[in-house]
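4 protein chains.
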Amino acid sequence: MKEPSAQARWERRTQRPLMGLAVVFAVAYAVPIVASPASRSVSVACTIAEWTVWGAFAVDYLVRVALADRRREYVRRHWLDLFAVLLPLLQPLRLLRVVSTLMLVGRRAQMASQVRLTTYVGGAVVGLLMFGSLAVLSVERASPEGNIRTLDDALWWSFTTMTTVGYGDHAPTTGAGRILAVGLMLSGIALLGLVTANIAAWFISRFEMDDLEERRQTAAIAALTDEVRALRAEVAALTVTRERVAEDQPR
Amino acid sequence: MKEPSAQARWERRTQRPLMGLAVVFAVAYAVPIVASPASRSVSVACTIAEWTVWGAFAVDYLVRVALADRRREYVRRHWLDLFAVLLPLLQPLRLLRVVSTLMLVGRRAQMASQVRLTTYVGGAVVGLLMFGSLAVLSVERASPEGNIRTLDDALWWSFTTMTTVGYGDHAPTTGAGRILAVGLMLSGIALLGLVTANIAAWFISRFEMDDLEERRQTAAIAALTDEVRALRAEVAALTVTRERVAEDQPR
Amino acid sequence: MKEPSAQARWERRTQRPLMGLAVVFAVAYAVPIVASPASRSVSVACTIAEWTVWGAFAVDYLVRVALADRRREYVRRHWLDLFAVLLPLLQPLRLLRVVSTLMLVGRRAQMASQVRLTTYVGGAVVGLLMFGSLAVLSVERASPEGNIRTLDDALWWSFTTMTTVGYGDHAPTTGAGRILAVGLMLSGIALLGLVTANIAAWFISRFEMDDLEERRQTAAIAALTDEVRALRAEVAALTVTRERVAEDQPR
Amino acid sequence: MKEPSAQARWERRTQRPLMGLAVVFAVAYAVPIVASPASRSVSVACTIAEWTVWGAFAVDYLVRVALADRRREYVRRHWLDLFAVLLPLLQPLRLLRVVSTLMLVGRRAQMASQVRLTTYVGGAVVGLLMFGSLAVLSVERASPEGNIRTLDDALWWSFTTMTTVGYGDHAPTTGAGRILAVGLMLSGIALLGLVTANIAAWFISRFEMDDLEERRQTAAIAALTDEVRALRAEVAALTVTRERVAEDQPR
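Chains as they are written, first to last, in full-length UniProt numbering: chain A, 1 to 251; chain B, 1 to 251; chain C, 1 to 251; chain D, 1 to 251.
It cannot be assumed that every hint is accurate.
Quick look at which bits of chain B chain A covers, simulated, 3 or more residues with Cβ under 8 Å [as the list claims (entries may be wrong)]:
no.	segment
1	156 to 170
2	217 to 226
3	230 to 237
A few chain C positions that, by computed beta-carbon distances, are all more than 12 Å from chain B [to be verified]:
no.	residue
4	8
5	10
6	22
7	23
8	37
9	40
10	56
11	59
12	67
13	94
14	95
15	102
16	158
17	168
Derived by calculation from the structure, the hints in this document are not laboratory data.
Remember, it's a predicted structure, so these values are computed and weren't measured experimentally.
All C-beta atoms in this analysis are idealised placements derived from N, C-alpha and C, irrespective of residue type, glycine included.
Looking at chain A on its own, in the form it has when it is part of the complex (with noise of 0.2 Å):
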């Protein structure tokens, strides 16, 4: 039987890797989108590149299966890591491929315990503002009432609609575009949600909320210090007595 821990170094040791393979996918997913129309070459050699990335990350959570105690358990109670390594080969959509990266380096992310969680948010909304104007980009050029047409446009739009501004001068109009919409949308709440909570937080724990119960204790506390301290008056008291008449006494 495998030690509990050859899971957890393999974590640890492929963190970096894998990280620097998200940044690959990154660049590969943004080129041929942003050079549009990008040279054949140069679409193939992305193809390729984000293949890699996902066959890498695919590879990974075989490696995490096998070193995992409870195989069965593991995959059960990884199961959307199952998921997305399984989707770019059902449907071999762009899109669908971009997702699922999206969703192992998350995963992958969250694992390292080391990062704190304002960092992996501000990470999480920085990739989904870029992966969110790239695949709307991407998308809406394609459609013929489509009114996000540039780079620019894409993440004016992200930016809008993320802090629920919402505008409306660009809006997706094809099903593609609406459902990452509404990805970024439900995002942008969360994000609100924790830069709320966050202030919230920061702000109970510095004006220090006046409780009456906990100044009850402290009072509470201190009558009963008061009390031992008499007690052990009256002990030593007896202990100096008990020896003055212990001296007194004919031995």
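Position chains B, C and D relative to chain A; hints supplied.
Only chains B, C and D this time, still in chain A's reference frame:
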């Protein structure tokens, strides 16, 4: 006089069948809107299904009143149920029948105490999105100036409304559509508040507020413990002296 | 010198009549806008009613000042009331008269200590929505480029503004309309914050934060109690020895 | 070696003059935009005023570094100040000069410890609204497709953006305008979070959470106090016995 648990037993037993009927209602409501123009027979079948579900909930209400200890008080306290039951009789509009049934379903779901708040709210949000989209679609499609004409547009508009993004590329133009929209907006605000509150509560419980008063208390308790330990040492010393004295003394 | 309760008694007694007058004002304000173009007699009657209500609040303010112990300090502390009373005299615009009366009504409602905060805010929101809609309607209807021309549109616009959805299908175009809109937006943000805060406070009080520091304290208190119990047992043993010694000793 | 308070004294003394210069900067920035097209002499005077204010803040930074105990560490810790001071030298664009001076003013305002957080944030919001409006106006007025052409429109647009209402009747079309807009949106989200957090903190401190753990602690402390009191009574009884014994014994 009936036992108090007769009513609770009824509610527990009818919970699942009634929730099943709610699904039937949802289908019966959606079909004629999505498959418009629907054939006459489908349309009639759906109307019958809707009235049947409403009837089941009306019967459920009457049974609950009959099983109640103090019937007058029960009716007074659950006046919203009575209102929901009577609404479709006063005005046999389809929209009011939907609102009435949604209210009855929501109140029955609330009664099931094992349902957690987050699940209940999540279900309510999904239900509101779905019914809101269908209802707005059926209302706005009839309007000559309406710009919500497909189920896609209706769902997209519901999302942009509930997340308060509000692009304005689609917006209701009729009175009924706008009343539905206001309902969605208010639900959206409640949803936003709930998400934020959830995150904030989790944050505050996680990062553990560093309370000055509490640290003072901990210090006070530690000091008190030292005090008591010193006291105990003194008493122990006293006991030893005492025993030595007792041993030394001639009996 | 007057008793301190004279003023409080006046405030309690005039509470209901003044709130009744506030309703009269609302009607007198709404009628000429909704029933536009109103006949000359209706319009004159409404203007008289508005000035009368304002007059009643002005008299209420003067009586409160007269009944105050330290009149100068009272005027200084309630400078907003003085400002609201004087505003319509300085600039007899209808819009300023509305703002002034709303401020006076709001401040009197705030004085009634039995009104709970949530009720007060709820009332303020409904009042702002209603008066905001009417005021924007009256201002924007006169503008040639205005797109808020019916009460329906005005109410719809108010809702989309206050919930920060902001479709943009209707938006004020005049300076006065935009100032009113900013007021509605800020109220909307406050409303959103209040809803969220309410839910958060309820959540936090419900799921009862599991505080580590407190659990440490509980453990410390338990340990201390054990210590004291052990001490007490020792002292009891000591007493028994002591008594036995006393009995054994020859007197 | 300098005293540690030399720097603090400098900061306290220069606080007011620098804030006065910030107002001068605001005026010098606003005049050429509002009174456009401005005469050449006015435009030159304003540019000189802007550079003078920036210079004053640069000198303030140099003096603070000179007065610091550990200069290298001070520069490293306040790298944002250094960046803000150097920014206009690297790229003498007007927009960057504004951003740089705003940053310097904001950081100096933050240093004044007597300024409360809410005041600081309120000031920052008003400043961002004002400078955001002016900057977007100056940028968008030059764009042929721009729809923000008057100060009224710019202010109105700033408000609809910062409150996340986003009607879309006015929206920036240039890259610089959109970057400014993103800044306003993010500030708006922070503002929303702050308002909510403020209300939530006030709510929570008001309704005083009823904590089970704390009530358990209070009960534990009370039980412990009873225990100690009983112990004290026993010791007192022991002392009395002891003294009686001592008196009885023949010396």
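Each hint tested on the structure:
no., hint, verdict
1, 156 to 170, "holds (count 10)"
2, 217 to 226, "holds (count 5)"
3, 230 to 237, "holds (count 5)"
4, 8, "35 Å, holds"
5, 10, "37 Å, holds"
6, 22, "25 Å, holds"
7, 23, "23 Å, holds"
8, 37, "23 Å, holds"
9, 40, "31 Å, holds"
10, 56, "34 Å, holds"
11, 59, "39 Å, holds"
12, 67, "42 Å, holds"
13, 94, "27 Å, holds"
14, 95, "26 Å, holds"
15, 102, "23 Å, holds"
16, 158, "10 Å, violated"
17, 168, "4 Å, violated"
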